[in-house]
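S.K.: Chain residues, written in single-letter form:
Protein chains: 2
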Amino acid sequence: MASAIALNGLLKTARHPWMESWNKPNLMTEFRNTYAVIMAGGIGSRFWPMSRESQPKQFLDILGTGRSLIQMTFDRLHRMIPAENILVVTQERYRDLVSEHLPNIPLENVLCEPFIRNTAPCIAYANHWVRAKAGKLAHEACIVVAPADHLILDEPGFIDITKTAIEHTQSTNQLVTLGIKPSRPDTGYGYIQFEDIANAADHRVRAVKTFTEKPQLELAEQFIASGDFYWNSGIFIWSLKNITEAFENHLPEMQELFVEHANAFTTPGEKEAIASIYGDCENISIDYGIMEKASNVAVVLSDFGWSDLGTWASLHEKLPLDESGNGTAGVDLMSHESIGNVVVSNSQSDGSRKTIAIRGLNNYIIVDTADSLLICPKSDEQWVKQLVTSLKAKKTKD
Amino acid sequence: MASAIALNGLLKTARHPWMESWNKPNLMTEFRNTYAVIMAGGIGSRFWPMSRESQPKQFLDILGTGRSLIQMTFDRLHRMIPAENILVVTQERYRDLVSEHLPNIPLENVLCEPFIRNTAPCIAYANHWVRAKAGKLAHEACIVVAPADHLILDEPGFIDITKTAIEHTQSTNQLVTLGIKPSRPDTGYGYIQFEDIANAADHRVRAVKTFTEKPQLELAEQFIASGDFYWNSGIFIWSLKNITEAFENHLPEMQELFVEHANAFTTPGEKEAIASIYGDCENISIDYGIMEKASNVAVVLSDFGWSDLGTWASLHEKLPLDESGNGTAGVDLMSHESIGNVVVSNSQSDGSRKTIAIRGLNNYIIVDTADSLLICPKSDEQWVKQLVTSLKAKKTKD
Numbered sequence: 004m005a006s007a008i009a010l011n012g013l014l015k016t017a018r019h020p021w022m023e024s025w026n027k028p029n030l031m032t033e034f035r036n037t038y039a040v041i042m043a044g045g046i047g048s049r050f051w052p053m054s055r056e057s058q059p060k061q062f063l064d065i066l067g068t069g070r071s072l073i074q075m076t077f078d079r080l081h082r083m084i085p086a087e088n089i090l091v092v093t094q095e096r097y098r099d100l101v102s103e104h105l106p107n108i109p110l111e112n113v114l115c116e117p118f119i120r121n122t123a124p125c126i127a128y129a130n131h132w133v134r135a136k137a138g139k140l141a142h143e144a145c146i147v148v149a150p151a152d153h154l155i156l157d158e159p160g161f162i163d164i165t166k167t168a169i170e171h172t173q174s175t176n177q178l179v180t181l182g183i184k185p186s187r188p189d190t191g192y193g194y195i196q197f198e199d200i201a202n203a204a205d206h207r208v209r210a211v212k213t214f215t216e217k218p219q220l221e222l223a224e225q226f227i228a229s230g231d232f233y234w235n236s237g238i239f240i241w242s243l244k245n246i247t248e249a250f251e252n253h254l255p256e257m258q259e260l261f262v263e264h265a266n267a268f269t270t271p272g273e274k275e276a277i278a279s280i281y282g283d284c285e286n287i288s289i290d291y292g293i294m295e296k297a298s299n300v301a302v303v304l305s306d307f308g309w310s311d312l313g314t315w316a317s318l319h320e321k322l323p324l325d326e327s328g329n330g331t332a333g334v335d336l337m338s339h340e341s342i343g344n345v346v347v348s349n350s351q352s353d354g355s356r357k358t359i360a361i362r363g364l365n366n367y368i369i370v371d372t373a374d375s376l377l378i379c380p381k382s383d384e385q386w387v388k389q390l391v392t393s394l395k396a397k398k399t400k401d
Numbered sequence: 004m005a006s007a008i009a010l011n012g013l014l015k016t017a018r019h020p021w022m023e024s025w026n027k028p029n030l031m032t033e034f035r036n037t038y039a040v041i042m043a044g045g046i047g048s049r050f051w052p053m054s055r056e057s058q059p060k061q062f063l064d065i066l067g068t069g070r071s072l073i074q075m076t077f078d079r080l081h082r083m084i085p086a087e088n089i090l091v092v093t094q095e096r097y098r099d100l101v102s103e104h105l106p107n108i109p110l111e112n113v114l115c116e117p118f119i120r121n122t123a124p125c126i127a128y129a130n131h132w133v134r135a136k137a138g139k140l141a142h143e144a145c146i147v148v149a150p151a152d153h154l155i156l157d158e159p160g161f162i163d164i165t166k167t168a169i170e171h172t173q174s175t176n177q178l179v180t181l182g183i184k185p186s187r188p189d190t191g192y193g194y195i196q197f198e199d200i201a202n203a204a205d206h207r208v209r210a211v212k213t214f215t216e217k218p219q220l221e222l223a224e225q226f227i228a229s230g231d232f233y234w235n236s237g238i239f240i241w242s243l244k245n246i247t248e249a250f251e252n253h254l255p256e257m258q259e260l261f262v263e264h265a266n267a268f269t270t271p272g273e274k275e276a277i278a279s280i281y282g283d284c285e286n287i288s289i290d291y292g293i294m295e296k297a298s299n300v301a302v303v304l305s306d307f308g309w310s311d312l313g314t315w316a317s318l319h320e321k322l323p324l325d326e327s328g329n330g331t332a333g334v335d336l337m338s339h340e341s342i343g344n345v346v347v348s349n350s351q352s353d354g355s356r357k358t359i360a361i362r363g364l365n366n367y368i369i370v371d372t373a374d375s376l377l378i379c380p381k382s383d384e385q386w387v388k389q390l391v392t393s394l395k396a397k398k399t400k401d
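Here the protein sequences line up with chains A and B, keeping their order. Using the numbering used here, you'd call the opening residue of the first sequence number 4 and step up by one each time. Using the numbering used here, you'd call the opening residue of the second sequence number 4 and step up by one each time.
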């Protein structure tokens, strides 16, 4: 509860007046043949010291709201999609954590990859699982693919956009990605260039012209200035039919591997089948393997308070700020001559806030956990990844 | 154990080769009529967040050695003085803490002041308790007075000096204070000017010319340059006879108050007596009330690795340092572009060390406890006292 109080500012944003007037339809019926795939296999080492191999980023309550990122992702999707249609693709080692965080989804919905692969095999696995699960309704099934560790503040906005995307993929042969209105020339994101003119019923649905992954700053600035580019959120919506055709066209060998074992999904033979498939499977991202090659891709232009929380600094703008621009979560901050810091703690096992007193610090990241503490300038944040590598090496040496 | 490893450097200093060859005499016999008074009534708020009203500095294992400061003080005195002759003057609220930290001293040896007074009443109380306790041997009793929260690295050196001081006060009418060879023009200490020529058998024993409390920097620099000044350690040695005469001469009213209730000490009536005495007693330090006025004061020139640990910065020079001059206790430090910091943690309840990663910090104090964290430039250390006041006010308001 204490943590929730700390996030008053944030909660006010999340519970915007339009939320009150938003009537929840009987989504369970409307979306009974829609599936959600939560991708939860990563570690998020840039979020050290909060993220660990044993407790990756998606399982953290980074904002101190009482819900982990994967729980918030589930909650958001569950507003539309019934729990039995929500699946999580993760690693075997995180199976129990997933079940612990998401007790409402059936155990069989936790799909475990035998080892980490990029997003294309992960999505192919989910596609075939959905095909087996949906049975005779498979030809009409629709799938929402979402990373487990993103933040979305405007949930009704997300639902609205997602519904638009579902309608679009159902009524066309197109694959849909959600584009995010960019707020800065961030060089860490992918950019989607879209057509000026809307051909769909909803003007927010645009044909994609180009994808550009992580541009240089100058180019990113040009993208922003042009107004024709949105960030690639990594959230995809497609009918099972459309994505299956895309795999057949662009990753036919991978598709073939899965088709060979099609009968194994949702059966006791699934584990063995997936081990065999993954052994032979190309390690490629869905963006590179399909989205950048396909001509039938649409983007829905979105602006629903999204962040991939890729770095501590990216978290900053999502946190409630004090008058000096210090953002906190899980912390009672006392500051003096200190501006623009991110100060986060989850070290208190009783859920209370840690008292943190800082002086003479500007634009630092301060992250306190039960057994570790990080103090680092925001501008040197890339150090965190090195640090995790050094710590691992040290651990091995010890 | 982990903490002990962190302090390897320090322990090496403390266990210097001369220590091995130092044979412990049968001190219990030699010093059976010598008493030690450990003054343990303060809070040490400058050591926030480690020190709290509920856990003052003297009860902290600040160095991570596994022994609190009061325990180290007891251990040091107990090398000479039997446990039943060691008394602690503290506040009622810390009685249980004292017994917990020092289970070897009799319960009746924990003298509780009804409220905080300066050092003169505290010492008068101890004098009268010793008089009652020593009985017919009182005229020959000797007393070592030591603050509970100081650090002394060279224990044999301290014992040697203290024995010299005891012999001196026993064979003369003089009060003895231990002077510490100054290492810097610190403006937070008292300075003792001493006579050039030794009149005693031991050349380290000198007559005191002047006391100067907390000089300005320029004056402190002159003191250091002259070579005639040592720091006042606040450790006193005197025979009961000599200190009693001093009270009679310089604080006769206070002495009178105690004498009136002389029969109550070490009896069930002690608590009531001391409450009555303290109600009327002047609130004055032993330095101001006696030492600075008396002409019969000697100083023993000492250099036994002393620190009053008055501030986090003063702790710095007592800690083991890495190649960048960062001093740590209770911490596994990973640092980059960070010089001259004090990094201390006692937040791990299992005694393990906290991993702390810092970057781009020079000359900061970083103190991590289970529920609080301080990050502050060493040069702004006086802020900590204000901070404690603000926190108290806030607590009251909440």
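If you are wondering where the hints come from, they were derived from the structure by calculation, not from laboratory data. One should not assume that every hint holds.
Identical chains blur together in the list; that is why a pair holds if it fits in one copy or across any two.
As the list claims (entries may be wrong) - Within a straight-line C-alpha distance of at most 25 Å, the following computed SDA-like cross-link-like pairs (lysine to any residue) qualify:
1. Lys397 <-> Leu154
2. Lys388 <-> Asn365
3. Lys321 <-> Ser288
4. Lys321 <-> Glu170
5. Lys397 <-> Glu326
6. Lys217 <-> Gln351
7. Lys381 <-> Thr358
8. Lys397 <-> Gly328
9. Lys217 <-> Leu154
10. Lys381 <-> Asn366
11. Lys397 <-> Gly343
12. Lys395 <-> Arg362
13. Lys388 <-> His253
14. Lys139 <-> Lys274
15. Lys395 <-> Met337
16. Lys166 <-> Gly328
S.K.: None of the hints should be skipped; say for each whether it holds.
M.R.: Comparing the hints with the structure gives:
| no. | hint | result |
| --- | --- | --- |
| 1 | Lys397 <-> Leu154 | neither (33 Å within a copy, 33 Å between copies) |
| 2 | Lys388 <-> Asn365 | both (22 Å within a copy, 22 Å between copies) |
| 3 | Lys321 <-> Ser288 | neither (28 Å within a copy, 54 Å between copies) |
| 4 | Lys321 <-> Glu170 | neither (30 Å within a copy, 70 Å between copies) |
| 5 | Lys397 <-> Glu326 | between (40 Å within a copy, 18 Å between copies) |
| 6 | Lys217 <-> Gln351 | neither (37 Å within a copy, 41 Å between copies) |
| 7 | Lys381 <-> Thr358 | both (21 Å within a copy, 19 Å between copies) |
| 8 | Lys397 <-> Gly328 | between (36 Å within a copy, 21 Å between copies) |
| 9 | Lys217 <-> Leu154 | within (20 Å within a copy, 56 Å between copies) |
| 10 | Lys381 <-> Asn366 | both (6 Å within a copy, 19 Å between copies) |
| 11 | Lys397 <-> Gly343 | between (32 Å within a copy, 23 Å between copies) |
| 12 | Lys395 <-> Arg362 | between (31 Å within a copy, 18 Å between copies) |
| 13 | Lys388 <-> His253 | neither (33 Å within a copy, 67 Å between copies) |
| 14 | Lys139 <-> Lys274 | within (23 Å within a copy, 89 Å between copies) |
| 15 | Lys395 <-> Met337 | between (33 Å within a copy, 13 Å between copies) |
| 16 | Lys166 <-> Gly328 | neither (36 Å within a copy, 59 Å between copies) |
Checked against the numbered hints given earlier, the structure breaks hints 1, 3, 4, 6, 13 and 16 and satisfies all the rest.
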